[in-house]
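Based on the provided sequences and hints, a complete structural model is requested.
Residue numbering for the sequence shown follows numbering that gives the first Met the number 0, starting at 0 and increasing by one per position.
A few of these clues could be false.
Straight-line Cα separation of at most 16 Å, EDC-like style, residue types lysine to aspartate or glutamate; simulated pairs [to be verified]:
id : residue 1 : residue 2
1  : Lys204    : Asp27
2  : Lys114    : Asp127
3  : Lys328    : Asp293
4  : Lys204    : Asp362
5  : Lys114    : Glu254
6  : Lys204    : Glu81
7  : Lys114    : Glu252
8  : Lys204    : Glu309
9  : Lys328    : Asp362
10 : Lys204    : Asp86
Label pairs and their computed distance ranges (CB to CB) [unchecked claim]:
id : residue 1 : residue 2 : range
11 : Glu311    : Ala142    : 51 to 59 Å
12 : Glu324    : Pro78     : 45 to 53 Å
13 : Ala167    : Asp282    : 39 to 47 Å
14 : Arg56     : Gly310    : 54 to 62 Å
Hints are computed from structural coordinates only; laboratory data are not their basis. Every residue gets a Cβ at the ideal spot worked out from N, C-alpha and C, and that includes glycine.
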Amino acid sequence: MRQLTIDLDLPDQPSPQDRDSIDLHTFDLIVICSSGGKDSLAMLAYLARLIAEQSYRGRVVVIHNHLGYSRTGQPVEWPGAEEVARDAADRFGFEFVVRSRRQGGLLGQVLQRGKWPGPGLGRWCTSDQKESPTMTWLTGAVAELGLPRTARVLYCLGLRGDESAGRAGQPVLSVNERRSSRRRTITRWLPIHGWTVRQVWEEIKRAGLRPHAAYTWGMTRLSCRLCVLGALDDLMLAAALSPDLAADYAQVEAEVGHRFTAAVSIAEVLAALGAARAERAGDPAARALVDELDAMVRGHLAATPQARGEGETKAGRPRRPWTAEQIAKRAAASTRRLMDAARRALARADGVDAQEWQAPLVDDDMVDHLAA
Numbered sequence: 000m001r002q003l004t005i006d007l008d009l010p011d012q013p014s015p016q017d018r019d020s021i022d023l024h025t026f027d028l029i030v031i032c033s034s035g036g037k038d039s040l041a042m043l044a045y046l047a048r049l050i051a052e053q054s055y056r057g058r059v060v061v062i063h064n065h066l067g068y069s070r071t072g073q074p075v076e077w078p079g080a081e082e083v084a085r086d087a088a089d090r091f092g093f094e095f096v097v098r099s100r101r102q103g104g105l106l107g108q109v110l111q112r113g114k115w116p117g118p119g120l121g122r123w124c125t126s127d128q129k130e131s132p133t134m135t136w137l138t139g140a141v142a143e144l145g146l147p148r149t150a151r152v153l154y155c156l157g158l159r160g161d162e163s164a165g166r167a168g169q170p171v172l173s174v175n176e177r178r179s180s181r182r183r184t185i186t187r188w189l190p191i192h193g194w195t196v197r198q199v200w201e202e203i204k205r206a207g208l209r210p211h212a213a214y215t216w217g218m219t220r221l222s223c224r225l226c227v228l229g230a231l232d233d234l235m236l237a238a239a240l241s242p243d244l245a246a247d248y249a250q251v252e253a254e255v256g257h258r259f260t261a262a263v264s265i266a267e268v269l270a271a272l273g274a275a276r277a278e279r280a281g282d283p284a285a286r287a288l289v290d291e292l293d294a295m296v297r298g299h300l301a302a303t304p305q306a307r308g309e310g311e312t313k314a315g316r317p318r319r320p321w322t323a324e325q326i327a328k329r330a331a332a333s334t335r336r337l338m339d340a341a342r343r344a345l346a347r348a349d350g351v352d353a354q355e356w357q358a359p360l361v362d363d364d365m366v367d368h369l370a371a
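Right under this line is the structure:
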């Protein structure tokens, strides 16, 4: 995405004097993207205060992108994510819009492309499933303004720099030249880019918003239940709480012949959960299930270019093929990591009803717990 960076001193945390750093009145339309996750909620609350303080009277729209369903009708995103986003928009009196990709949801697109999105593979899950439907809607919204000049649009995203090195390097304020045209100039703003997790939860508490209960279950991110960018613990817990969806993902993974991520497959996640459940039940077959998981991991490792000695090392020397002992050692370590994550996931999932998605109001104790 081509972007023209704008040099502007923007706030790292919400304070009345800092919020005067950007003049909202220079924009004809404000679009606030919301997944229903914690960062979206904090950004929305922050912007609501800024809008009120500057007495902005232009159109403000909160937009949520629905990511579709699996073959068995399971929603890709967490049940209740859209409702959380809608309730937060209603709390501040903002218009709420839901959009989705006309050509189909995320899993259908994986089948069409024959691979999963992810680092090094393209983040088309974001560009195609979220940004493109929003931009299609934006074309109509700009036309409705009926301006005799180029419309100025402020496009707000709740990305934070401490989530990844890639996000840390993104400009806080920039013109999206690729999505702009003679009819519209789209300025992309990351209002909470410099915030910490604690600042996010403090803002949600201050605003009196109810987050999605997935955070209280142990998830650290929302939107896609099974996310290619999620940590192993998130992926394992989501699969434990959403077994039908995880089974649908495993079927897609098998059909396209492409691992969910380079680090872990959905098949491995389900195998680890199955072995951990057998352990908890005292099933004598548990040991055999762990061995099956180890064999699955070992088979994958043996087929990697690194194990086969293909290519070069970072120092530019030819790689040496791994020995059977090296492969077995690495597989054992990966199996232990998967089993430990599966055991933690089952412990966290105890007593959780994934359909009861609304968390209580955030208090100081919850802030301390979730920000730890």
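Here is how each hint holds up against the structure:
| no. | hint | verdict |
| --- | --- | --- |
| 1 | Lys204 x Asp27 | violated, 30 Å |
| 2 | Lys114 x Asp127 | holds, 14 Å |
| 3 | Lys328 x Asp293 | holds, 10 Å |
| 4 | Lys204 x Asp362 | holds, 6 Å |
| 5 | Lys114 x Glu254 | holds, 10 Å |
| 6 | Lys204 x Glu81 | violated, 20 Å |
| 7 | Lys114 x Glu252 | holds, 8 Å |
| 8 | Lys204 x Glu309 | violated, 52 Å |
| 9 | Lys328 x Asp362 | violated, 46 Å |
| 10 | Lys204 x Asp86 | holds, 15 Å |
| 11 | Glu311 x Ala142: 51 to 59 Å | holds, 54 Å |
| 12 | Glu324 x Pro78: 45 to 53 Å | holds, 46 Å |
| 13 | Ala167 x Asp282: 39 to 47 Å | holds, 45 Å |
| 14 | Arg56 x Gly310: 54 to 62 Å | holds, 59 Å |
In terms of the numbered hints stated before, the structure departs from hints 1, 6, 8 and 9, listed from lowest to highest.
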